[in-house]
Amino acid sequence: MSDGASSRCRALLMGSGEVLGQKPLPLAPALGFLPPPNSIADSSFVRSIQNMATTTTRSFLQVAATEEAAPPLRVVQIEGLVILKIIKHCKDHSPSLVTGQLLGLDVGSVLEVTNCFPFPMREEDEEIEADGANYQLEMMRCLREVNVDNNTVGWYQSTLLGSFQTVELIETFMNYQENIRRCVCIIYDPSRSDQGVLALKALKLSDSFMELYRSNNFTGEKLREKNLSWVDIFEEIPIKVSNSALISAFMTELEPDTPVTQCDYDRLQLSTSSLMERNTEFLIECMDDLSLEEQKFQFYYRSLSRQQAQQQAWLQKRRAENMARKAAGEEPLPEEDPSNPVFKPLPEPSRLESFLITNQISNYCNQINGVSGQSFNRLYLMKALHED
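Each step along the sequence shown adds one to the number in full-length UniProt numbering, with nothing skipped, and position 78 is 78.
To be clear, the hints were calculated from the coordinates, so they are not data collected in a lab. Hints are all accurate, no fakes.
Computed beta-carbon distance windows for the label pairs:
# : residue 1 : residue 2 : range
1 : N179      : E225      : 28 to 36 Å
2 : E281      : M382      : 22 to 30 Å
3 : S291      : A328      : 54 to 62 Å
4 : P71       : S339      : 49 to 57 Å
5 : P120      : E225      : 41 to 49 Å
6 : T166      : S291      : 14 to 22 Å
7 : E178      : P332      : 49 to 57 Å
8 : A133      : K226      : 33 to 41 Å
SDA-like, lysine to any residue: derived pairs with alpha carbons at most 20 Å apart:
#  : residue 1 : residue 2
9  : K201      : S242
10 : K344      : Y301
11 : K240      : A199
Quick reminder that beta carbons are idealized off the backbone N, C-alpha and C, glycines included.
Start from the sequences, fold in the hints, and give me the full structure.
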């Protein structure tokens, strides 16, 4: 039995209708067609049926309450065929960025991805949203007709050297969260995978960040109150590759006789200048963007201190005027005037963009450290081989 079928069986045994995209049907209406009791035995029979229905309804309520307090997402289980589809789609259109839909089941703390399909690339002058929605609905209908899991669990997208932490990604997450309780985004980087490493990761937004994003209040005070920093935006979920026993046996038959493959030789290439150069270039661009964000906050704090100085000067003038009015026996004026532009609060710039840029800088630095470490290991290995 395939993983998708076993997951559906587990969901049926657990009584979780939400997993299968259907709500559990209450059993209480089933009592409506029972005949009226004509004897004591009939009355006992009806009471027993009612007690059974009450117990069953209570069990459904307990299941519903359990589903509301669902366990946190721990693992994203992806079938090997889905990974191959994602890699092929992203590799065929590289360096262009592509996206696609992920299908599967949400079972407990495991999100099972059993299938996927790509989104077509559109021109800028086309109606992307309308055509994209129609395309998705048509694909889901076709998959349902061939008895394939058609529950949306997220989407995948390609990236270039890890450049994916943008506001658009967050907005896409929030749009998915409106209809899907838990969804993930699979990020695949073809440029890094060319170095012999499967650059595949599963991401989701943290709950604290989503709550703050809905309020659209990324001020310094609110961030300190929520204890939220730039590392708390995304959560990386471990990926587990799953294959059926038949596929695993078939892959064993396809293994080459030689223990060394071309991929192993690719890992020993000493030339990493292009990868290092592009990472450094992107890092410099992010540093420039972060400098611009810093200038925004510097201008805000200068304006804030200037406004506070103007407020103090205005208050001193008003207090002196009130003292003169008191000496003349007149009523003092209020010390604060909301209509005065001096007391109008200055809007604080959002820190979301700076958080994303900082997160992206950290990603580039980690990639540079990883490439540098691998290059040093290769150099020491080649040095040892030449000495021998």
